[in-house]
Structures are given as C-alpha cells and as structure tokens.
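Engineer: Chain by chain, the residues run as shown.
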Amino acid sequence: MADALRFRTDNAVDHPAVTVDAYLEQSNASAVRIEPGDDARDLLPHLGHIRLVEINFPAFGDGRGYSAARVLREAGYTGEIRAVGDVLVDQIAYLRRCGFDAFEPDQPLDPSDVKMALARWPDVYQSAADGRVPIWSQRHG
Amino acid sequence: MYQYDRFDQAMVDARVEEFRDQCQRRIEGKLTEDQFKPLRLMNGLYLQLHAYMLRVAIPYGTLSGPQMRALGDIADRFDRKYGHFTTRQNIQYNWIKLEEAPDILAALAKVEMHAIQTSGNCIRNISSDHFAGAAADEVTDPRPYAELLRQWSSFHPEFSYLPRKFKFAVIASETDRAAMRLHDIGINIVRGHNGDLGAAVYVGGGMGRTPMIAPLIRDFVPLDQLVTYAEACLRVYNRYGRRDNKYKARIKILVHELGAEEYTRQVEAEFAHLLAQNIEPPIAELERIKAHFAQPAFMPGDVETSQPDVGDGKFAVWVDRNTHPHKQSGYASAVISLKPVGGIPGDATSDQMRLMAALGEQYSFNELRVTHTQNIVLPHVRKADLFALWQQLEAAGLGTANLDQVGDIIACPGLDYCSLANARSIPVAQRISERFAANGKGDTLGELKLKISGCINACGHHHAGHIGILGVDRKGVENYQLLLGGSEAQDTSLGKITGPGFSEDGIIDAVETAADVYLRERQDGERFLDTYRRIGMDPFKEALYG
Ligand code: SF4
Numbered sequence: 001m002a003d004a005l006r007f008r009t010d011n012a013v014d015h016p017a018v019t020v021d022a023y024l025e026q027s028n029a030s031a032v033r034i035e036p037g038d039d040a041r042d043l044l045p046h047l048g049h050i051r052l053v054e055i056n057f058p059a060f061g062d063g064r065g066y067s068a069a070r071v072l073r074e075a076g077y078t079g080e081i082r083a084v085g086d087v088l089v090d091q092i093a094y095l096r097r098c099g100f101d102a103f104e105p106d107q108p109l110d111p112s113d114v115k116m117a118l119a120r121w122p123d124v125y126q127s128a129a130d131g132r133v134p135i136w137s138q139r140h141g
Numbered sequence: 142m143y144q145y146d147r148f149d150q151a152m153v154d155a156r157v158e159e160f161r162d163q164c165q166r167r168i169e170g171k172l173t174e175d176q177f178k179p180l181r182l183m184n185g186l187y188l189q190l191h192a193y194m195l196r197v198a199i200p201y202g203t204l205s206g207p208q209m210r211a212l213g214d215i216a217d218r219f220d221r222k223y224g225h226f227t228t229r230q231n232i233q234y235n236w237i238k239l240e241e242a243p244d245i246l247a248a249l250a251k252v253e254m255h256a257i258q259t260s261g262n263c264i265r266n267i268s269s270d271h272f273a274g275a276a277a278d279e280v281t282d283p284r285p286y287a288e289l290l291r292q293w294s295s296f297h298p299e300f301s302y303l304p305r306k307f308k309f310a311v312i313a314s315e316t317d318r319a320a321m322r323l324h325d326i327g328i329n330i331v332r333g334h335n336g337d338l339g340a341a342v343y344v345g346g347g348m349g350r351t352p353m354i355a356p357l358i359r360d361f362v363p364l365d366q367l368v369t370y371a372e373a374c375l376r377v378y379n380r381y382g383r384r385d386n387k388y389k390a391r392i393k394i395l396v397h398e399l400g401a402e403e404y405t406r407q408v409e410a411e412f413a414h415l416l417a418q419n420i421e422p423p424i425a426e427l428e429r430i431k432a433h434f435a436q437p438a439f440m441p442g443d444v445e446t447s448q449p450d451v452g453d454g455k456f457a458v459w460v461d462r463n464t465h466p467h468k469q470s471g472y473a474s475a476v477i478s479l480k481p482v483g484g485i486p487g488d489a490t491s492d493q494m495r496l497m498a499a500l501g502e503q504y505s506f507n508e509l510r511v512t513h514t515q516n517i518v519l520p521h522v523r524k525a526d527l528f529a530l531w532q533q534l535e536a537a538g539l540g541t542a543n544l545d546q547v548g549d550i551i552a553c554p555g556l557d558y559c560s561l562a563n564a565r566s567i568p569v570a571q572r573i574s575e576r577f578a579a580n581g582k583g584d585t586l587g588e589l590k591l592k593i594s595g596c597i598n599a600c601g602h603h604h605a606g607h608i609g610i611l612g613v614d615r616k617g618v619e620n621y622q623l624l625l626g627g628s629e630a631q632d633t634s635l636g637k638i639t640g641p642g643f644s645e646d647g648i649i650d651a652v653e654t655a656a657d658v659y660l661r662e663r664q665d666g667e668r669f670l671d672t673y674r675r676i677g678m679d680p681f682k683e684a685l686y687g
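Protein chains in written order, with this note's numbering: chain A, 1 to 141; chain B, 142 to 687.
Since the hints were derived computationally from the structure, they do not count as laboratory data.
Be aware that one or more of the hints could be misleading.
Said to hold, decoys possible - For lysine-lysine, the following DSS-like pairs were computed, each having C-alpha atoms within a straight-line distance of at most 27 angstroms:
(1) B/K387 x B/K178
(2) B/K637 x A/K115
(3) B/K387 x B/K431
(4) B/K308 x B/K616
(5) B/K306 x B/K389
(6) B/K389 x A/K115
Can you build the whole structure from these sequences, using the hints too?
Structural biologist: Written out as structure tokens, the structure reads:
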C-alpha cells in the first residue's frame, strides 16, 4: 500500500479494504473495495464514514469503475478513490478526470510516464469530476 | 461548415504527438503488440488481412474542398492512390505502413481532420443526413447538434471503455436518410408543441448479428439539456451493459433485456441526478456552433432557376436520378455516384478526390458530403450549373446515374480486406452491377437498395437492404444468403432470409430472379420494396427454389 501513487496529502488508510457486501453488513471499516459488478450507489448512505474506496479494474477495458468514481464524487464524497488492478498509464488522465486521486496498479507505473500523460492535454471538452473548466465554458468567458 | 478554433486545433495536435510517441515506443519494442493494440485502435489504425488500415473520421460526413483534396494527396503519398468511403461516412486507407501513420495524422490535423475514436469501444464518429442544411424537407440543419455531441464525446473520460462501440446519428426531418433508428442512439431534431426545437431520442438500434430497430425513449429533450440527457443514456449503458459476451454487449441488448420502459426509467432517474451536476454546455456554445453552419449566400431564386434543356437524354436521366430537391429554389443537391458499373463500391482514386474537391469549391460553396451509401454529395449546386458539372463528372468516370438503383450497391470490404470475413463482398457487388447493366434490367427496376455484408457483423447493412446479401462460411466454402424486405428509411424494417444459401454464381442469378418476380408482379408506381410488402415472401421463394 505504501507504493500507491497518491495525489492527496492526507495519510493513507492503513488497513485493507473490505468488499461492498461485507461493508454493508458490518459497516465499521473505513476502506471499501468496489468490484465492477457492484453498485457504487449502495455506499452513498455511508460516505461520511468512509475514507478510502478502492475501485478494482480486473481488466483495463472494463470501464464500469469510471462511472462508479463519478457517482461517488457527485454525491459529495471527498475521501480517497484509488484505482487498483489492470491500470495502465494510458488510462490515468481519464481516471483523474473521473475523480480518482490514487493509483496502485498490478504493474507499477513509471512516475515520469504518468507526469507526461497528465500534461498531454491542454484542455478538456467536458465537465467531469475534476473541476476543470471545459473548453465550451472557456469560449464564453 | 464548422471550423476549428485554437482549442479544437490544440486537442488534435496533442493527439498527433501522443500517437507519434506511442508508435515510436512500439517500433523500438518498448510496447508489445498487445499493449499497443488498444492505443492504435483509438486512432483508427487496424491490422487487416494484408496491411494496416487507417480509418479517418469525417464528422457527420461533411468536408470542404481542401479537406477532400488532402484526402486525395494522402492516398498518393501513403497509399495506393485510392481511398474507400465507408458506410459510416468515413474514409479508409487500406495499405498503410505503421511508421508513416503519425505523419498521416499530422497531414490530417493540418486540414482540421483526425482519426480519433474511429475504432475502439467508445463513442464513434457521429453520422447525419447527407443532405443536411440543403434538404427541402428538414426542420433545421441537424449538424450543429452533431458537432456539439462530437465535442462532448471526444476524449470523454467516463465513456472511453464502454462495453462495445457506440454510434450516434442525428437527423432533422421526417424522411430518414441516415438509418437513424439503426444506431445505438438516434436523434431526430423536431419542433415541439410550443414551437421550440428539441430532440426525439431513440435508443438501442443496430445491425450486426442481432439487428434491432431503436424504440423511442423520449419524444422531446430541450436543446439546453441535450448533452446531459446523452450523458444519462451512456451512463446507464456503461454501468449495466453486458460485458460477459462481446456479442451481447451493444446497448440494443441492454434495452431489449431490460425492456424499453425500464431502460427509460433508469435514464430518467440518472438524467434528473445529472441535471443538478451542471454538466451542460452554455446555450451560447450551441449558438456559436450554429453560426458556422449559416446558410451560404445563395443567388435569389428567380435568377436562372431551371437547368438548361440541352437535349441530352443521358444528362436528363442523371438529373432525374442523382439530384435531390433543395430548400433554395434554383438549387439542387447533386450526388456523385462512386458505383460505376463493375467498380468497387465507395472507392475513389486520388485524382477523382481532387476533382471532386475542385467541383465542390467551384459549384457547391466549398462543401462536400459523404453518404452512408458510399457516394459523394455536392449539397448546393445551382441548377444552371448542373450540366457543366455533369460533363466534368462524365469525363472522369463519375457520372454514373444510378442513385438508389440496383447498381448503387452498399458492400463491406469483405474477404478482400477484412480479417473477420466469411466471404467476399466486392466481387459479388461488381458482378451484380455488371449483370444488370448488361441485361438492361437495371434501368427498369427503379429504386432498389441492395446491400452486401461479408459476415454477420453487417457492416454492409444487409438487414436493411430491399435486397440483402450475407456471406456465410459453409464447410469452408463461401456461401451467400439472400434477404428481402429490409429498409433503413423512415419505414425501417429488417429483411427476412429467403431460405437456403447460394454459391457465388447462384447468388447473382438469385438476385436477378427476385428482380424478375418484382417486374412481373409490380403495380403502378410500386417500388421493389412495396411489391414485396404487398405480395409477401412466397412468390419469391417459389421462383428461387420452386
Ligand atoms: S461485415 Fe464482416 S466481413 Fe464485412 S467488413 Fe464487417 S466484419 Fe468485415
């Protein structure tokens, strides 16, 4: 867990995440792991108690986790959202836009590649979970 | 038409640099083919049977003269002096070298073009009515809405790893010239009760192995909520679309399995939630885009409104078949057929592309369109100029007068190029058009839309052909099924298989047999499709197998 690439300054949660089902049954953990088939909205009543949500990508092509992260951010969750599993540098920029602020992939990322990937796009076309001002708003002041 | 500002240009330029870097890493062996594949696919670069194929986006099928000229020049510099216009209103180059792909993207970026999201499980190029902005029957020009959605869907962070590819079509007329209801999302811009424009939204149509006609899920979305509504439709799909089976992953399966009503309920709930998130572009942005699609400076209607009567029968036939009514009197939209007798449907040589570019500049306010039926449109031609235009087209082998006729065949690349194919499509199309030209029946058949796919993926839209042909593999031998009664127009219907398949020779004869049944049975004014709908499959079966 120490090797997670984090874009936050608070201390990382130091205990393992529990499954969504386990969390909903006992609900005193502060770290939960969402699998692609889980409904992130099940966690919404409990967001005040959660400090870390791990979202697992068993395969990078399964994009359900992008929606899960945005759903959490749109509900006002400000804790950590960490992408785990098959996460490649080519997805980092999109993941950041959807509200992920930590990465702990199966294959460690090269920090300089990450930096380059995040710097690549000067602007964005849509509103998402990262608060960036989309091009269409910039055009109209 | 739309022109990039510095923001649009910067996005495309950044993409070129990113891809140059990725190609370099692949060539140096720092990326394996497995790692490289999803990256090249997001830039439209496929590995086909014999070489790399590059698919270039032509948003809603609209392009300028300089853009068409650039496409021709790319065909010269990087391919074998031709390109292939596709059923997605795009162009494909079939003989590309990997090391040159970034240079092609750079050449495209210079004329405000790209290959972004022309493949992969993301939102693909958005298609539209090829007569948009010109058609006499349109409510409004649908392209500003398509452009708004193009920008919204470009590099969309949440929807770049969908269960499957995702296709939009946007139209704005009762008459559907874009197969709107055979798209993942079909949008028809309509006028509401209060006179305002809004979007009627259809979700879950498609061809492929399980063809479906999209149901209407919302009859009116206000235009200042369009992006938010699209986002809701996509989010429900991204979260709940099937990912266990590639063949059940399109949104049509989700809508079908949930039922249109339940899917709609989920979309409405997500929509209500997203409205509070303020993700909609300002309406000023739509106005800005609309200004790019302002009507050209047409000559007043009372000046030279009629085409010259030059006493040339061939020209009159071309005008009759290949022009379409324009909203401005004195003008017409002219269709350049890329279906010469015996030719490869949709192919154009680099010289032909440059000629079409010049003709678009000279006669059509610098605008051209690609149709999903693989032809090229000059949308705004003065009727007084039609004869001069036609003469130049004739001289270049582009004057074929067969729009919507049996020779105007849609055919997918098939086994000549495509690694998924079961059978060849192109030679079958060539032989059918030759057959009907030689026996003279082609001219007597009227509107007859014939569509050929080389496998069940249906890129040639065979389900939607008045006559459809599907290539299948029968014990290692190419075999062709015949379908009758499909339509992609406002009376959308799916074709039915006649019965056992045919050999390559057999399918050519079978198409002629079906045409003969129509010629025998037709009543006044009926098209092939009308006769089929009236008399049903039996008389055709009898003639084919009896
Ligand atoms: S229909 Fe099949 S053969 Fe034809 S292009 Fe599509 S995938 Fe290839």
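Engineer: Going through the numbered hints above, which ones does this structure break? Give me the numbers in ascending order.
Structural biologist: 2, 3, 4 and 6
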